[in-house]
Amino acid sequence: MSSWIPLWLHRLGSPPTFYRFAGALRPWMLALALLLGAIALYGGLVLAPPDYQQGDDYRIIFVHVPSAWMALFIYAVMAVASFIALVWRIKLAEVVAMESAPIGAAFTLITLVTGSLWGIRMWGTWWTWDARLTSELVLLFLYLGVLGLYHAFEDRRQGARAAAFLALIGIINVPIVHFSVNWWNTLHQGSTVRLLGPSSMSDAMIWPLLTMMVATKCYYLASLFARARTDLLALESGKEWVRQIAITEGRA
Amino acid sequence: MSRAPLSRACAAVLRRDLTLAWRRRGDIAMPVLYALIVTTLFPFALGPDNALLQRIAGGAVLVTVLLAMLLALDGMFRSDIEDGSLEQLVLAPQPLALMLGMKILAHWLTTALPLIVIAPVLASMLQLPAAIMPVMLLALVLSTPMLSLLGAVLVALTAGTRRSGMLLALMLLPLCVPVVIFAAGAISAAQQGLPWVAPIAWLGAALALTLVLAPLACAVALRIALDA
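If you read the sequences in order, they're chains A and B. Each residue of the first sequence is one higher than the one before, counting from 1 in this note's numbering. Each residue of the second sequence is one higher than the one before, counting from 1001 in this note's numbering.
Same shape as in the complex, but just chain A:
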């Protein structure tokens, strides 16, 4: 039935295969992330022209916007992995879901911090209860809830399954929160400062943004691989393949 899926993809679900695969790919991902990140930063901070309204202050978007995209993207990855972990009980999916959470939380925090750095210059305030800002804050709490629940259990696999369920509840909740927060803010419409409208950007600004997006994706993969490898070693510590690795690396 599923003969179109190459066999190596199935094998990736097994911890030792994934351990080797992730170990081989990780340096490349990290190098790509650093290279593209450096190019994007040079393009964004040096080559791109200053904005006609915001001057040089807008340049924080080259960090802010890709982080915000990653915050949502990683949550989606975590939810999909959680679903797989709960339905098919694949150990690797649990590991991917749980090791994605801290990276996603970090990106959410970066988004909030860079956003308020931009806000103090542009809006004159660190924080405003704008709909998007509030949604982002709620997203951070969702991540922290998943992390907290995962670490509250003594049995890691049980904790991973409980936290995976919470992540699934969370992904249903994200659109509801977004919708209700929008509704709430339009109800109390006072002197709300709007974020940049859906204005078209010039090419000189958009390519560093997209490059940075690819760089953050690569960084996420590199970070996830490293975390998943460590986690797999801990989870499978009684297994033969881990013993082999311990022996060979101990000798080296």
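Rather than coming from a laboratory, the hints here were simulated on the basis of the structure. Cβ coordinates follow ideal geometry from the N, Cα and C atoms, glycine included. Please note that a few of the clues may not be correct.
To be verified - Have a look at the derived ranges for each label pair, beta carbon to beta carbon: (1) B:Phe1044 x A:Gly13: 52 to 62 Å; (2) B:Ser1079 x A:Arg11: 45 to 55 Å; (3) B:Pro1043 x A:Arg89: 48 to 58 Å; (4) A:Thr248 x B:Asp1027: 52 to 62 Å.
Once you've looked at the hints, dock chain B against the given chain A.
Frame of chain A; chain B shown alone:
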């Protein structure tokens, strides 16, 4: 093993939980006392300015009730886990979701209902006009069951852990943001003389949805948490 009819099983679970709660009436009074204390503190912190208190009254009462419910949420399944009766419920032939729904109903009756009863007192302490009271009560009647239901799912998830108090608050916050927004939106709309039916209708719709889905989610969560 003979299968007890569903309605009898439901009534038995409900009666058991209500009896247990009644035997420890002091615990029922605790959230009410907590809400009273918190509400008393608001005027001290903000100053006895009636206009200001009136403006925050609806939201303050709502948040106070929510926090008081959170205080009691932690103990929803605790004694049942400790004496093993929750595991018996999981093993029972009756659908677990329905049985948990009854337990949530009992919990709502013993925690949220007393809070709703004293909510007008809390609101008048903060100078909420009497004309707004019915809207506030309606918002509370619709939003507190939702908090009980959503809270029950999270309590079930933390059933296998030792410490859960603060964690529960952290997990509940994202879930109760929409509830608070619509309930407080209805009250403040009524206070400004605007139509308040729309947020109440949203609350009702959300309650209908939660009423169906939350017991099922609660059952799944409990099976995960007890699956050691």
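Status of the hints after comparison with the structure:
1. B:Phe1044 x A:Gly13: 52 to 62 Å: For B:Phe1044 and A:Gly13 the Cβ distance comes to about 60 Å; the hint holds.
2. B:Ser1079 x A:Arg11: 45 to 55 Å: holds (48 Å)
3. B:Pro1043 x A:Arg89: 48 to 58 Å: Given a distance of about 55 Å, which is inside 48 to 58 Å, the answer is holds.
4. A:Thr248 x B:Asp1027: 52 to 62 Å: holds (59 Å)
Checked against the numbered hints given earlier, this structure breaks none of them.
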